[in-house]
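Number of protein chains: 2
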Amino acid sequence: MSQQFRVWMQQKQDQCERALADFIPQASVVPGHLHEAMRYAALDGGKRVRPLLVYAAGQLFDAPQEALDRAAAAVEMIHAYSLVHDDMPCMDDDALRRGKPTVHVKYDEATALLVGDALQAQAFLVLSEGNASAETRLGLVRLLAHASGSVGMCGGQAIDLASVGLALTREQLEQMHRLKTGALLRASVLLGASCGKTLNPEETVALNTYAAAIGLAFQVVDDVLDATADSATLGKTAGKDAADNKPTYVSLLGLPASQELAQQLCREAHGALDSFGEKAQLLRDLADLIVQRQA
Amino acid sequence: MSQQFRVWMQQKQDQCERALADFIPQASVVPGHLHEAMRYAALDGGKRVRPLLVYAAGQLFDAPQEALDRAAAAVEMIHAYSLVHDDMPCMDDDALRRGKPTVHVKYDEATALLVGDALQAQAFLVLSEGNASAETRLGLVRLLAHASGSVGMCGGQAIDLASVGLALTREQLEQMHRLKTGALLRASVLLGASCGKTLNPEETVALNTYAAAIGLAFQVVDDVLDATADSATLGKTAGKDAADNKPTYVSLLGLPASQELAQQLCREAHGALDSFGEKAQLLRDLADLIVQRQA
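Top line first, the protein sequences correspond to chains A and B. Read in order, the letters of the first sequence correspond to residues 230 to 524 in this note's numbering. Read in order, the letters of the second sequence correspond to residues 230 to 524 in this note's numbering.
Do not take every clue at face value.
For identical chains, the list gives no copy identity; a pair is met inside one copy or between any two copies.
Unchecked claim - DSS-like cross-link-like pairs, simulated, lysine-lysine; straight-line CA separation at most 30 angstroms: (1) Lys475 with Lys335; (2) Lys426 with Lys508; (3) Lys335 with Lys469; (4) Lys276 with Lys329; (5) Lys508 with Lys329; (6) Lys508 with Lys335.
Hints were generated in silico from the structure; no laboratory data involved.
Using the sequences plus the hints, can you model the full thing?
Right under this line is the structure:
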């Protein structure tokens with residue numbers, strides 16, 4: 230990882246943090262308890278991979294930072310709400326997230342449910358406001374709604390739930406992840422790029438290919454880390470997948486083949502960006518980051 | 230209730246049902262289990278009060294039916310998702326809704342959580358598409374996101390949760406309901422009207438006054454019915470509020486004063502519509518319906 234990329238990343242993580250802090254109502258706004266819990270769930274945590282993809286893809290087309298801040302905050306609110314709901318006892322029942330107690334542990338289950346619901350609404354509110362043209366903002370809303378709903382993230386979670394204990398084929402596993410985590414990662418890339426311009430078909434195909442590859446790579450690496458890292462490094466409970474008898478790339482392909490698959494997907498992601506030249510360097514660096522991350 | 234209004238109401242309830250059936254993916258679309266549960270939650274049930282408000286307010290400004298169908302379906306999806314989440318064990322823990330087993334009883338808790346999440350995303354997707362201008366659609370998204378989020382419906386639910394067992398003042402009770410049920414009812418009126426034209430300040434004030442009055446009346450009547458009707462008539466568990474030690478208008482003002490308050494709010498709602506003349510008759514009839522309903 231280059232020093233320049235490291236600096237850029239820190240800068241954008243800070244920028245996203247400020248955007249989230251601005252776009253989620255303060256705890257002084259009624260109902261204060263809910264807003265405090267929403268801020269607990271979304272602020273000060275995570276690698277902000279999705280916002281980084283938004284900013285990097287936005288840079289490709291010189292998108293205005295104001296629009297990118299909204300897109301980055303919105304996609305991170307969707308991601309944060311999904312974690313809050315995922316961690317609840319009726320789903321993964323996890324007590325630790327990003328090294329902190331999960332929302333239902335810190336507050337209670339009913340609050341966690343409402344925090345997730347309200348973060349989702351807030352994401353669409355943030356996208357619907359701002360300085361971009363009505364067409365642009367509407368396009369962002371549509372992208373995010375599609376990627377986070379029943380044929381995107383929520384759909385992937387439903388398939389995941391239904392798959393526990395089943396022997397999935399590699400295609401079935403891939404389809405689940407394409408929805409569960411892939412859809413939102415892909416949306417992040419398209420959201421960022423769409424803040425800059427209306428994409429032509431070639432650009433859409435190239436960015437979709439890139440996004441599909443890193444989306445899958447992200448999940449393969451997640452499975453590898455769940456099998457190899459410890460909870461302290463991950464900031465969440467390690468070894469959960471095996472304990473929960475969940476199908477993973479590691480259980481399906483084994484560890485070495487999973488690691489090789491991640492590398493191959495990274496090369497695919499790089500290849501998809503060729504036509505963009507130098508301006509896509511941040512997206513290349515992010516693909517590397519996703520595959521090389523340790524947590 | 231006039232025969233003409235009764236016919237209109239049945240027509241629009243059917244129209245809303247068809248719109249919901251169209252706008253929620255079929256159970257044949259992957260993931261079928263989730264889509265089936267979403268349809269179970271949203272179709273074939275309820276009085277469709279919010280959609281009726283959308284259609285009635287739309288008629289005021291001759292809004293196109295295509296846009297109204299989207300707005301009606303979207304607001305009903307938000308309402309349906311809130312019921313699914315509300316009924317979960319960590320919230321109201323209710324087994325019966327609209328005379329049918331609640332979603333977490335019929336399926337399971339994890340599915341109920343995802344059904345609610347996915348219905349919310351679908352509501353924003355439906356609003357973001359269609360034939361209305363980008364400005365109009367964006368305005369609808371903003372209205373609905375604001376009304377359903379942390380300073381609207383979700384916020385009201387958070388205040389409600391925090392109020393169990395507390396002695397609320399009438400103002401506090403009113404504020405809670407203004408958010409919990411009032412915000413979405415108000416949004417329904419504004420969504421419908423906004424499908425027809427961009428509202429001027431006088432129209433906005435008049436419709437807001439109408440919507441605030443019927444929103445509050447709706448809740449007062451709800452409290453009255455919870456105290457007086459039986460579960461079979463309500464299609465949900467009666468007497469829950471008292472059993473849960475929840476503050477209600479009946480517990481605060483007593484039954485006769487609550488009934489008189491509902492009547493007074495109905496007169497306020499009528500008064501707010503004076504400037505619209507004959508074209509507002511459907512909204513007047515709906516105010517009467519809300520106050521006179523028996524379930």
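Right, here's what the structure says about each hint:
1. Taking the closest pair of Cα atoms, lysine 475 and lysine 335 come within 30 angstroms of each other both inside a single copy (27 angstroms) and across two copies (24 angstroms).
2. When the C-alpha separation of lysine 426 and lysine 508 is checked against a cutoff of 30 angstroms, the pair qualifies only within one copy, where the shortest distance is 15 angstroms, while the shortest distance between copies is 43 angstroms.
3. Proximity of lysine 335 to lysine 469 under the C-alpha cut-off of 30 angstroms is found in both arrangements, the shortest distances being 21 angstroms within a copy and 28 angstroms between copies.
4. For a Cα distance limit of 30 angstroms, the shortest separation of lysine 276 from lysine 329 inside one copy, 14 angstroms, qualifies, whereas the shortest one across copies, 43 angstroms, does not.
5. For the homomeric pair lysine 508 and lysine 329, neither the shortest alpha-carbon distance inside one copy (37 angstroms) nor that between copies (56 angstroms) is at most 30 angstroms.
6. With identical chains, the CA atoms of lysine 508 and lysine 335 are never at most 30 angstroms apart, being 43 angstroms at best within one copy and 52 angstroms at best between copies.
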